[in-house]
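Spelled out, the chains give:
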Amino acid sequence: MSFLNPLYLAGAALIAIPIVLHLLRRDVAPPVPFTAVSLLKKTTVDRSRRHRLRDLLLLAARVCALLLLAASFARPYLAGAPPTGSTTVVAVDRSSSMSAPGRADRARTLAREAIDATSSGDRVALIAFDDRADVLAAPGPAADARAALGDIQPGPGATRYAAVFDKAVELLANEEHGRLILVSDLQRTGFDASGAMLPEGIGLQVKDAGAPISNLSVSNATLDPGRRVATATIRNAGAASRDVDVTAVVADRPVPIKRITVPAGDAVDVTFDAPPEARSVTFSIDDPAGYGADNARYSVFEARGLPRVLLVTGGPASNAGFYLSRALQADGGEGPDFDVRSVTGTAFSAMPANEVRDHSVVAILSTHGLDRRAGESLRSLLSSGGGLLVAAAQDVDASVLSTLLQWEPAVAPRDARRPRVLAATDLRHPVFKPFDAMAANFGQVMFHRAWEIAAGDGWRVAARFTDGTPALIERETVQVAEATPGRVLVFASDLDRRWNDFPLHPTFVPFTQEAVRYLGARPPAVTSYLVNDVPAGTPAVPGFARVAGRTVAVNVDPRESSVDRLTAVEFQKQVTRTASGAQPRAQRLARETESHQNYWRYGLMLLLATLVVEAFVGSR
Amino acid sequence: MASAATSRDLRFLDPAVIARLGSMELKARTVVEGFLSGLHRSPYKGFSVEFAEYRQYLPGDDLSTLDWKVYARSDRHYVKKFEEETNLECHVLLDVSASMAYRGGAVMSKIEYGSVLAASLAYLMHRQRDATGLIEFDERIRARLPASARPGHLHAILLALDRVSPGTTSDVARPLHQLAEALSKRSLVVLISDLLDDPEQVVKGLKHLRFRGTDVIVFQVLDPHEIQFPFKGAAKFTDVESAEEIIADPARVRESYLEAMATLRGRYEKELKGAGIDFLTLDSSKPLDFALLAYLDARGRRK
Numbered sequence: 022m023s024f025l026n027p028l029y030l031a032g033a034a035l036i037a038i039p040i041v042l043h044l045l046r047r048d049v050a051p052p053v054p055f056t057a058v059s060l061l062k063k064t065t066v067d068r069s070r071r072h073r074l075r076d077l078l079l080l081a082a083r084v085c086a087l088l089l090l091a092a093s094f095a096r097p098y099l100a101g102a103p104p105t106g107s108t109t110v111v112a113v114d115r116s117s118s119m120s121a122p123g124r125a126d127r128a129r130t131l132a133r134e135a136i137d138a139t140s141s142g143d144r145v146a147l148i149a150f151d152d153r154a155d156v157l158a159a160p161g162p163a164a165d166a167r168a169a170l171g172d173i174q175p176g177p178g179a180t181r182y183a184a185v186f187d188k189a190v191e192l193l194a195n196e197e198h199g200r201l202i203l204v205s206d207l208q209r210t211g212f213d214a215s216g217a218m219l220p221e222g223i224g225l226q227v228k229d230a231g232a233p234i235s236n237l238s239v240s241n242a243t244l245d246p247g248r249r250v251a252t253a254t255i256r257n258a259g260a261a262s263r264d265v266d267v268t269a270v271v272a273d274r275p276v277p278i279k280r281i282t283v284p285a286g287d288a289v290d291v292t293f294d295a296p297p298e299a300r301s302v303t304f305s306i307d308d309p310a311g312y313g314a315d316n317a318r319y320s321v322f323e324a325r326g327l328p329r330v331l332l333v334t335g336g337p338a339s340n341a342g343f344y345l346s347r348a349l350q351a352d353g354g355e356g357p358d359f360d361v362r363s364v365t366g367t368a369f370s371a372m373p374a375n376e377v378r379d380h381s382v383v384a385i386l387s388t389h390g391l392d393r394r395a396g397e398s399l400r401s402l403l404s405s406g407g408g409l410l411v412a413a414a415q416d417v418d419a420s421v422l423s424t425l426l427q428w429e430p431a432v433a434p435r436d437a438r439r440p441r442v443l444a445a446t447d448l449r450h451p452v453f454k455p456f457d458a459m460a461a462n463f464g465q466v467m468f469h470r471a472w473e474i475a476a477g478d479g480w481r482v483a484a485r486f487t488d489g490t491p492a493l494i495e496r497e498t499v500q501v502a503e504a505t506p507g508r509v510l511v512f513a514s515d516l517d518r519r520w521n522d523f524p525l526h527p528t529f530v531p532f533t534q535e536a537v538r539y540l541g542a543r544p545p546a547v548t549s550y551l552v553n554d555v556p557a558g559t560p561a562v563p564g565f566a567r568v569a570g571r572t573v574a575v576n577v578d579p580r581e582s583s584v585d586r587l588t589a590v591e592f593q594k595q596v597t598r599t600a601s602g603a604q605p606r607a608q609r610l611a612r613e614t615e616s617h618q619n620y621w622r623y624g625l626m627l628l629l630a631t632l633v634v635e636a637f638v639g640s641r
Numbered sequence: 083m084a085s086a087a088t089s090r091d092l093r094f095l096d097p098a099v100i101a102r103l104g105s106m107e108l109k110a111r112t113v114v115e116g117f118l119s120g121l122h123r124s125p126y127k128g129f130s131v132e133f134a135e136y137r138q139y140l141p142g143d144d145l146s147t148l149d150w151k152v153y154a155r156s157d158r159h160y161v162k163k164f165e166e167e168t169n170l171e172c173h174v175l176l177d178v179s180a181s182m183a184y185r186g187g188a189v190m191s192k193i194e195y196g197s198v199l200a201a202s203l204a205y206l207m208h209r210q211r212d213a214t215g216l217i218e219f220d221e222r223i224r225a226r227l228p229a230s231a232r233p234g235h236l237h238a239i240l241l242a243l244d245r246v247s248p249g250t251t252s253d254v255a256r257p258l259h260q261l262a263e264a265l266s267k268r269s270l271v272v273l274i275s276d277l278l279d280d281p282e283q284v285v286k287g288l289k290h291l292r293f294r295g296t297d298v299i300v301f302q303v304l305d306p307h308e309i310q311f312p313f314k315g316a317a318k319f320t321d322v323e324s325a326e327e328i329i330a331d332p333a334r335v336r337e338s339y340l341e342a343m344a345t346l347r348g349r350y351e352k353e354l355k356g357a358g359i360d361f362l363t364l365d366s367s368k369p370l371d372f373a374l375l376a377y378l379d380a381r382g383r384r385k
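Quick mapping for you: the protein sequence lines, in order, are chains A and B. Quick note on numbering: the first sequence equals residues 22 to 641 in my numbering. Quick note on numbering: the second sequence equals residues 83 to 385 in my numbering.
Fair warning: there could be bad hints in the mix.
[Claimed, not checked] Per label pair, the in silico range of CB-to-CB distance:
1. 333/B with 42/A: 17 to 27 Å
2. 247/B with 78/A: 43 to 53 Å
3. 618/A with 325/B: 22 to 32 Å
4. 320/B with 74/A: 17 to 27 Å
5. 78/A with 333/B: 15 to 25 Å
6. 40/A with 320/B: 21 to 31 Å
7. 78/A with 325/B: 29 to 39 Å
8. 42/A with 280/B: 34 to 44 Å
9. 320/B with 614/A: 54 to 64 Å
10. 372/B with 78/A: 44 to 54 Å
11. 74/A with 310/B: 53 to 63 Å
Simulated from the structure, these hints should not be mistaken for lab results. Built from N, CA and C at the ideal position, the CB exists for glycine as well.
Whenever a hint applies, use it, and build me the whole structure from the sequences.
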């Protein structure tokens with residue numbers, strides 16, 4: 022029996038306390054002169070014998086309890102015989118770059134040689150890696166690793182050395198003399214910006230399975246049915262100019278092959294005609310000398326439908342919604358994220374419900390002109406998963422909104438004019454989460470006038486002013502079937518710089534955009550994934566796949582097409598050695614053994630049982 | 083008024099009051115006078131030791147009983163006749179063993195209480211013209227004053243009781259046997275002891291006395307602590323005679339102790355009464371009148 026924290030055994034010295042007390046207690050009885058001791062004796066002998074037994078039981082129980090307590094804290098474990106020999110982890114690259122002619126065979130040969138070179142008592146593990154590392158043979162006989170070697174085939178994944186190092190560290194955590202033999206084509210792009218880390222205690226041996234090659238790849242593919250064109254970018258990573266035939270399949274129909282010349286180290290765009298109804302395109306080239314996986318690329322076209330936001334403002338002369346519309350149409354570099362339109366209340370009331378439902382979010386900045394039809398449209402919007410943003414303003418009547426939206430109880434805010442500041446304390450809320458530490462900047466906005474809302478049933482406070490009154494409240498409509506529940510956000514002050522200077526602050530644009538996104542104005546869907554980041558459940562192979570009912574393109578990582586390689590020495594230099602693995606192996610092993618055995622739990626259970634016995638005996 | 087007088091007189095029987103008095107003679111007189119004063123108003127009115135009548139002198143009468151004043155007036159010899167006047171020989175046996183020196187919850191120790199009781203009895207006996215003797219003993223007889231009715235003898239007894247000191251271990255039976263062998267005439271023996279001895283031997287000694295025609299009154303004097311065992315908390319009880327020690331938790335042994343004590347007293351009571359011996363347990367914190375009444379009761383039955 023060994024102990025993980027033997028110092029706690031010193032606590033066992035506490036057993037001296039009950040022992041000393043027991044011994045002292047025998048003498049603590051003060052002497053009392055008496056006459057009829059013979060009578061006393063006659064009755065006490067029997068009893069005292071019983072009491073002595075009880076005292077001894079109590080003493081034993083208390084001593085046991087303290088010993089168990091100390092032993093449990095000392096974390097006992099049964100140490101098994103230490104393993105002999107060392108462990109060698111052989112990691113073989115299976116990234117798409119290993120599909121170059123002869124590389125996979127050479128890698129397997131090098132790996133087999135490494136396995137054969139291990140001593141008879143050593144344990145050998147086999148890992149295949151690309152952007153993730155899989156253990157094909159757990160540490161054990163070399164024969165197992167040798168047998169698993171045949172399963173390694175180049176795949177579409179990209180090289181990421183960090184994954185294999187992490188896995189090797191995991192496998193060699195309990196080894197004193199572990200080593201990692203890495204068999205790879207040593208692509209430079211396999212290192213992330215942060216490089217890779219390996220504990221000092223693990224030896225690293227690098228075997229180069231690559232050789233200089235010339236690689237052609239389809240590095241980009243786009244489809245623009247509007248312009249009736251599909252474009253492929255062909256990159257030549259070799260040292261010499263190459264001629265290559267580019268094949269395109271647009272909308273499942275082959276188009277004439279185009280032959281192009283790609284200068285060394287350069288890329289050439291190739292365009293093909295595409296019909297307006299085309300929604301997918303596949304480009305491929307024939308490059309038997311290079312990597313196989315990057316010879317094809319896939320693309321899917323999906324109209325980038327911007328979420329539509331409808332601002333309901335006052336009359337024609339009103340400038341309500343100016344700041345909000347500008348904020349939502351802010352160009353982030355790829356154009357605005359929202360399609361914003363402003364209408365008057367009267368026009369909104371006249372708008373058919375299905376037209377209102379075409380909008381993701383409706384922002385009410387004035388209730389002038391809203392009538393029963395507007396209420397039906399808004400309720401229809403919410404029941405179909407749309408969002409409603411209400412900002413307090415002079416022209417917004419909360420009672421009208423409560424009536425139109427059938428809020429029970431009705432929202433009845435009190436218009437209060439006194440300065441206050443917004444405090445976005447709950448950064449878990451989706452509206453404020455992107456702000457993170459920058460949320461403190463809300464404190465720079467001075468709100469001179471605001472609604473003081475008593476958030477009743479069904480409402481949740483998302484943010485408050487510093488005086489504790491709600492600043493942003495929300496509610497969800499009752500979910501109908503599988504439809505997304507509609508959301509309502511009510512901001513307690515206006516968004517038109519009448520009651521505050523919020524629109525002049527940097528937080529205004531992100532706040533309004535995040536609020537609108539939260540209400541349902543979601544950005545356009547992703548149409549393309551790399552094989553290493555496809556959603557769960559989607560096959561990680563290049564081609565077309567279905568994700569959430571839509572067709573998406575899955576392509577190899579274009580970085581993997583690089584032919585830039587490291588030497589073994591350069592590779593070693595890229596690896597950062599850490600001291601984290603310097604923890605004594607014996608201690609590590611002990612900690613792991615103890616964590617598996619968990620004898621301390623039994624100790625505490627015994628302690629509990631002992632205390633029960635002690636309480637029982639003590640009460641007798 | 084009567085009750086007021088009674089309570090005032092009875093307070094002189096209270097050990098707390100007696101303990102504050104000076105000499106043993108004063109204590110005995112206080113007790114007896116107080117007791118007799120109470121008796122005059124008690125149902126025991128018939129027990130008077132007062133002058134009863136004059137009787138013409140007959141040869142053999144004690145000349146000290148001659149009433150010289152009557153002789154002066156009438157020129158005839160008359161002797162005073164007292165109601166309780168007899169030729170009784172009384173022996174008071176006082177246990178002075180170490181256990182009698184125990185004082186727990188009372189104002190007086192058992193030996194002090196026993197001494198006052200012995201003195202009171204001697205005083206009372208002397209008033210009745212009985213020959214009174216005193217024997218102090220522990221495991222052996224430590225002091226002995228032979229029975230005598232001479233006026234100065236009472237003083238000697240009271241002086242001896244005043245100087246009494248605790249002895250060693252007790253052996254009640256031994257002096258009883260010795261006394262039984264020594265007594266040659268009709269006597270009354272009063273034993274004052276805690277009787278914390280081998281009851282078989284004690285009873286045997288008392289029966290020996292009784293067998294010799296001696297009337298015996300036994301006063302078992304016990305301290306309130308011996309009767310009630312009111313101790314609290316674990317204690318090391320040390321026997322004052324044998325120095326034997328035992329650790330006990332009073333809360334746990336009280337019941338069995340009281341049972342044992344009741345058994346001991348019950349045994350004495352049963353066996354002694356069976357032998358015609360008066361037995362009375364006295365609480366050393368209680369007044370002495372019960373003891374004196376018991377004596378007079380026994381004394382009266384001897385008439």
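Do the hints match the structure? See the list:
A beta carbon spacing of about 20 Å between residue 333/B and residue 42/A agrees with the range 17 to 27 Å that was offered as a hint. The hinted range of 43 to 53 Å is satisfied by residue 247/B and residue 78/A, whose Cβ atoms lie roughly 49 Å apart. At roughly 59 Å, the beta-carbon separation of residue 618/A and residue 325/B lies outside the given 22 to 32 Å, and the hint is violated. The hinted window of 17 to 27 Å between residue 320/B and residue 74/A holds, with their beta carbons roughly 25 Å apart.
Between residue 78/A and residue 333/B the C-beta distance comes to about 20 Å, which sits within the given range of 15 to 25 Å. In this structure, residue 40/A and residue 320/B meet the distance hint of 21 to 31 Å, their C-beta atoms being roughly 27 Å apart. Between residue 78/A and residue 325/B the beta carbon distance is about 32 Å. The supplied range of 29 to 39 Å therefore holds. Distance hint for residue 42/A and residue 280/B: a CB-CB separation of about 40 Å, consistent with the stated range 34 to 44 Å.
Hint check: residue 320/B to residue 614/A, Cβ distance near 59 Å, so the stated range 54 to 64 Å holds. Checking the proposed 44 to 54 Å range against residue 372/B and residue 78/A shows it holds: the Cβ atoms sit about 49 Å from each other. The hinted window of 53 to 63 Å between residue 74/A and residue 310/B is violated, with their beta carbons roughly 30 Å apart.
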